[in-house]
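Visitor: Okay, here's what each chain looks like letter by letter:
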Amino acid sequence: MKELEAFKLIENYLNGQLQGDALLDFEHQLETDPVMAEYFKQYKEVTSTLGFYNNRKALKQKLNAIHADLEENQAPALSPFGNKEKRKFFWNQHYATIAVAASVAILTVFGTLLSVDLWRSMGKQQAARYSALRREVENIKSSQRAIIRDITGSLANPSKEEVNPGNFTGTGFVISPDGYLVTSYHVINGADSVFIENRVGKRYKVKSIFRDKAHDLAILKIEDKEFTSFGTLPYAFKSGDSDLGEKVYTLGYPREDMVFGEGSLSSRSGFEGDTTSYQISIPVNPGNSGGPLMDNQGNLIGVISGKQLDLQGAAFAVKSAYLKQLVEQLSSDSLDAPIKLSKKNSLAGTSRTNQLKKIEDYVFVVKVYNN
Amino acid sequence: MPNVLYFSDKALLAGIQNENEEALAYLYKLHFPMILHLVQNNNGTDDEAKDIYQEAVIIFYEKVREGSLELNCQIKTYLYSICRRLWLKRLALKNRFAGIVSESDTFVEVENDIAEATEKEEQFSKMGEALALLGEPCKTLLEDFYIQDLSMQTITDKFGYTNSDNTKNQKYKCLLRLKKLFFNIYKADVVK
Numbered sequence: 136m137k138e139l140e141a142f143k144l145i146e147n148y149l150n151g152q153l154q155g156d157a158l159l160d161f162e163h164q165l166e167t168d169p170v171m172a173e174y175f176k177q178y179k180e181v182t183s184t185l186g187f188y189n190n191r192k193a194l195k196q197k198l199n200a201i202h203a204d205l206e207e208n209q210a211p212a213l214s215p216f217g218n219k220e221k222r223k224f225f226w227n228q229h230y231a232t233i234a235v236a237a238s239v240a241i242l243t244v245f246g247t248l249l250s251v252d253l254w255r256s257m258g259k260q261q262a263a264r265y266s267a268l269r270r271e272v273e274n275i276k277s278s279q280r281a282i283i284r285d286i287t288g289s290l291a292n293p294s295k296e297e298v299n300p301g302n303f304t305g306t307g308f309v310i311s312p313d314g315y316l317v318t319s320y321h322v323i324n325g326a327d328s329v330f331i332e333n334r335v336g337k338r339y340k341v342k343s344i345f346r347d348k349a350h351d352l353a354i355l356k357i358e359d360k361e362f363t364s365f366g367t368l369p370y371a372f373k374s375g376d377s378d379l380g381e382k383v384y385t386l387g388y389p390r391e392d393m394v395f396g397e398g399s400l401s402s403r404s405g406f407e408g409d410t411t412s413y414q415i416s417i418p419v420n421p422g423n424s425g426g427p428l429m430d431n432q433g434n435l436i437g438v439i440s441g442k443q444l445d446l447q448g449a450a451f452a453v454k455s456a457y458l459k460q461l462v463e464q465l466s467s468d469s470l471d472a473p474i475k476l477s478k479k480n481s482l483a484g485t486s487r488t489n490q491l492k493k494i495e496d497y498v499f500v501v502k503v504y505n506n
Numbered sequence: 738m739p740n741v742l743y744f745s746d747k748a749l750l751a752g753i754q755n756e757n758e759e760a761l762a763y764l765y766k767l768h769f770p771m772i773l774h775l776v777q778n779n780n781g782t783d784d785e786a787k788d789i790y791q792e793a794v795i796i797f798y799e800k801v802r803e804g805s806l807e808l809n810c811q812i813k814t815y816l817y818s819i820c821r822r823l824w825l826k827r828l829a830l831k832n833r834f835a836g837i838v839s840e841s842d843t844f845v846e847v848e849n850d851i852a853e854a855t856e857k858e859e860q861f862s863k864m865g866e867a868l869a870l871l872g873e874p875c876k877t878l879l880e881d882f883y884i885q886d887l888s889m890q891t892i893t894d895k896f897g898y899t900n901s902d903n904t905k906n907q908k909y910k911c912l913l914r915l916k917k918l919f920f921n922i923y924k925a926d927v928v929k
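Residue numbers (my numbering), protein chains in the order written: chain S, 136 to 506; chain P, 738 to 929.
No wet-lab data here; the hints were simulated from the structure.
Lysine-lysine pairs mimicking DSS-like chemistry, simulated, CA-CA at most 27 angstroms apart:
#1 K813(P) - K197(S)
#2 K197(S) - K876(P)
#3 K800(P) - K766(P)
#4 K766(P) - K223(S)
#5 K493(S) - K382(S)
#6 K492(S) - K382(S)
#7 K179(S) - K857(P)
#8 K195(S) - K800(P)
#9 K195(S) - K831(P)
#10 K766(P) - K197(S)
#11 K195(S) - K826(P)
#12 K800(P) - K176(S)
#13 K195(S) - K813(P)
Treat the numbers as computed from the prediction; the structure is a model and nothing was measured.
Construct the entire structure; sequences and hints are all you get.
Guide: Here it is, written out as structure tokens:
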């Protein structure tokens, strides 16, 4: 029990509860009694260690809590988009910018796609720079013409078809006196019925008896009881190639009236190096297709077929050699009476205007109906 | 929680001195990644990093609270040095010491602090053992009186003793028993 008493004393002393004699007594004892001094030391050590122990325990708990908190917060922070609140905050702050950026992105994407597409289609247009020259008739103009004709009362054209001007027109010319004509394949392509009409309004119904798509040529035959003969043709068909730079001209119907066009033979080959045709420098227009290409001496050297859209003054005409070849094959293969191409040229040496006067009766407008 | 109040070492030290828990938490979170990196790069696991780091923070914290810390470098460097030392020790125990990879990192000499810390760790664990042997209700009684600073009357009511003198006597008995247990374990070990 001595130890217990000693501890009580020590505690009271440390708490400042010892006073007067008791205090002095204790202090004296502490100095003189080594056992008491040892107890004092032990008391202090035990209580302070106890305090230290508890403090450290509490601290450890705190640190564990902090660590748990750290780990808890760390996991979502590692995710690339941050936690939900941060995302929400970010969205609220920047949604306008994001919207603008998104729409710019969308516009750019679709703009690029569209322009690439447009550019491609432009490329396609460039590839299709060859234009066949058949003319799409404007209904209004032609019916006006029909009305005017009705008023003037042209007796030569009593037929009812007069009112209908046709869907397409081209040009054609006579190749033999017994009613054969030639025009371009593309003019009569898809036609239900074909009529020809000359400059004074004389009209015949014709039938296409042969079509050559490769050379863009078509042979027509007049099927009309009124028709007898054209008489002797004034021009001859040339079988060889013509020379570069030769003066050439054509007659055709790019509009309702006959139009003369003049130029030179500018190349021995046609569109994209096509050797079956010439390149000529005659200004031609839709409706000129199928027109005769004549040289200075009045020889027929080709048939107008088309022009190049992206080139100034580049028109093309199929060479007469291929026309002759076609006619000869046709005569031997499928016709009872062969077509005789005239070889005699009665135009040589005459002036241009005289030549034209003789030729113009043999050049027809070809009207195509395909409804 | 980025708290601008503790952006400097001085502010942190002041915060810990005042037992500010936010300061402690801030400090803890601020430097943990560094130690995690150190331990992970030197054959250690996350848990080991946590142990080492907590030990270092405890040493630092207690020294700050005691006022015995002589800090002549950054807190970061101090913590790093402690951890480095502790980790080397632990590696030596595991017989896997191969030298710490990044010796280029700055660290200061902390041998004394480590020795002191080892001593304290010893005390801590012995006291833990002693308390465990002491058992209830002595343990709680002593804690309530010496740590929580509860009044005799409160403790009397809590434990259901008849009066406070009884409680006092009981307390002294417990303290004596703890003393015996503690010295037995502690001194015996130290003498060895």
